[in-house]
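Q: The hints should help you fit chain C onto chain D, whose structure is shown.
Heads up: the sequence lines are chains D and C, in that order. Position 98, counted from 1, in the first sequence is what this note's numbering calls 103; the numbers after and before it change by one each time, with no gaps. Position 192, counted from 1, in the second sequence is what this note's numbering calls 232; the numbers after and before it change by one each time, with no gaps.
Hints are computed from structural coordinates only; laboratory data are not their basis. Virtual Cβ for every residue (Gly too), placed ideally from N, Cα, C. Don't take every hint at face value.
Said to hold, decoys possible - Simulated restraints on C-beta separations:
(1) C:Asn252 - D:Glu156: 19 to 29 Å
(2) C:Asp264 - D:Lys251: 31 to 41 Å
(3) D:Pro255 - C:Ser106: 44 to 54 Å
(4) D:Phe124 - C:Gly62: 23 to 33 Å
(5) C:Asn252 - D:Glu159: 23 to 33 Å
(6) D:Glu156 - C:Gly111: 29 to 39 Å
(7) D:Glu159 - C:Glu116: 51 to 61 Å
(8) D:Phe124 - C:Asp57: 46 to 56 Å
Claimed, not checked - Derived pair list, reagent style DSSO-like, types lysine-lysine, alpha-carbon separation capped at 27 Å:
(9) C:Lys147 - D:Lys169
(10) C:Lys67 - C:Lys48
(11) D:Lys251 - C:Lys136
(12) C:Lys152 - D:Lys169
(13) C:Lys147 - D:Lys251
(14) D:Lys169 - C:Lys136
(15) C:Lys75 - C:Lys48
(16) D:Lys99 - D:Lys113
(17) C:Lys214 - C:Lys246
(18) C:Lys75 - C:Lys171
(19) C:Lys171 - C:Lys136
(20) C:Lys221 - C:Lys272
(21) C:Lys171 - D:Lys251
(22) C:Lys119 - D:Lys169
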Amino acid sequence: MKKGPFKTKLDSYYPWFFLAVFLLLWQFAVEYFKIPTYILPTPLVIISKGVEIWPTLVRHTLVTLKEIFLGFVIGSLLGAFLAFFISYFSLARKIFLPYIIAFQTMPKLGLAPLFIIWFGFGFFTNVTIVTSISFFPILVNFFTGLDQFNENEERLMASYNASKNQIYFHVRLFRALPFLFAGFQLGIILSVTGAIVAEFIAGNEGLGYLTILANNTLETPMMFCALLLLGIIGFILYHIVDFMQKILMPWAARTETLTGPESGL
Amino acid sequence: MMSYIVLKNVFLTYHHDSPGGGIEALKDISFEVVKGSFTSIIGPSGCGKSTLLYCIGNLLEPTRGSIVIDGRSPQEARKNRMFGYVPQDPTLMDWKTVSENIGLPSKIMGIKNNNRISELIELVGLNGFEKNYPRELSGGMKQRVSLARALSYNPPILLMDEPLANLDALLREKMNEELLKIWKETGTTIILVTHDISEAVLLSDKVVILSNRPGTILEIETIDVPRPRSRKSLRLPEAHAYVDKFRDMLSV
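Only chain D is shown next, with the shape it has when bound in the complex:
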């Protein structure tokens, strides 16, 4: 939505104002009702805990980031490649598409125990889980984009006597890019979730593991620190994908999506 500059500037203060009020109310409510720290710590306690265990937090954050990054990149490459493959070769489509549709609805986290048997506890299993969870939205979105049939464009390309290769590399790939990025956005959000849950189940380090550890020892302030960092990671990664889309697709006008963090997700 387009607004005047004055209004836009004022608008951007509202969330911060809300945050300040929220934190103040939280702080005073916990003190007033004498809620024990292991149930709900105050913001100040959480912050001081965060400062105290900062090196530990950083170490675990890096592990989780590495899992997300590796898993997402492998999942994206596999998903995008397979999407292109089954779109380009109709025989491959006939063979694989039914399986893709069947596997797509299967909850990938359900595979976690199997991956533990195969790869043991820890980093490698977690990366595999992230890969399997980010793979499908990218595959399905990119394939949908590549498979879009625009009668006008196909006719125009036919009038140039263009080859199938040329149609793919001049038209269809570009036509599919917004779909690919929609897949990336879904994939990156799912990757963060996947990494945490994987660490819950099979982790010996990382923010998800830290959360479970804090849970076992009733270290609730540490749990809040880990969750806050996870939120920040998700937010930043989503925006990196968004930023890459703007760089790589300069022709596209900015589009607002309902799932974007701008609309409050």
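A: Below, chain C alone, put in the same frame as chain D:
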């Protein structure tokens, strides 16, 4: 004069192998086009005008009948890149700039360093917009890019499918005059599909009038209005006579 494009008893039925017998779109179409001439195909909407254009350009295969383009089959003509197709929807690639869009056919056909592209940008009056993306252009500008793109590889035949249908009347008139100018400069054989009767009279040497679906030929009329023409030509009594005649034929 030698005929350049010859259609003989062309029939086209969509889904002709379906149990219901399909939808008959074209019925027994025969006419000839002279090299370098301007032919318009007019008729009520849905009468198969575009279908006929696709048949000539080998974008559709006729069910029956023969089409010969300069002694060749339409498929050979298309493979030899004899057609410049200007669709109703400009169909610009959103991800390419104006000059990249105009250069797309050259890229596909392997024509290196096509000097024609900058000339064409000049010819259709788009200087200064070379680096703009289609979403930044108006409807009329998009149509000019589409026209320049079709001209970029010097095809001997232009097939135009109501490219001006979505423009307002004033802009249409202006574009029509530009089209006459470009036609004169390039010497291209043009076949234009339109539902605008005065546009057909203003531009054409010959007008082919199709009936309601299934499209059959009602009349083929040679337009004897002196050239060079401009929008003022439509005020001539002979032009009026053609417009009235065609209108009577097409109104039921």
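Q: Compare the structure with each hint and give your call.
A: Hints versus structure:
1. C:Asn252 - D:Glu156: 19 to 29 Å: holds (24 Å)
2. C:Asp264 - D:Lys251: 31 to 41 Å: violated (58 Å)
3. D:Pro255 - C:Ser106: 44 to 54 Å: Since D:Pro255 and C:Ser106 have Cβ atoms about 48 Å apart, the given range 44 to 54 Å holds.
4. D:Phe124 - C:Gly62: 23 to 33 Å: Since the Cβ atoms of D:Phe124 and C:Gly62 sit about 58 Å apart, the hinted range of 23 to 33 Å is violated.
5. C:Asn252 - D:Glu159: 23 to 33 Å: This hint holds: roughly 28 Å between Cβ atoms.
6. D:Glu156 - C:Gly111: 29 to 39 Å: holds (30 Å)
7. D:Glu159 - C:Glu116: 51 to 61 Å: violated (20 Å)
8. D:Phe124 - C:Asp57: 46 to 56 Å: holds (55 Å)
9. C:Lys147 - D:Lys169: holds (14 Å)
10. C:Lys67 - C:Lys48: holds (11 Å)
11. D:Lys251 - C:Lys136: holds (15 Å)
12. C:Lys152 - D:Lys169: holds (21 Å)
13. C:Lys147 - D:Lys251: holds (26 Å)
14. D:Lys169 - C:Lys136: Cα-Cα ~19 Å, so holds.
15. C:Lys75 - C:Lys48: holds (17 Å)
16. D:Lys99 - D:Lys113: holds (23 Å)
17. C:Lys214 - C:Lys246: It holds: about 21 Å lies between the C-alpha atoms, which stays within 27 Å.
18. C:Lys75 - C:Lys171: violated (36 Å)
19. C:Lys171 - C:Lys136: holds (9 Å)
20. C:Lys221 - C:Lys272: holds (15 Å)
21. C:Lys171 - D:Lys251: Distance ~18 Å between C:Lys171 and D:Lys251 Cα, so the pair holds.
22. C:Lys119 - D:Lys169: It holds: about 14 Å lies between the C-alpha atoms, which stays within 27 Å.
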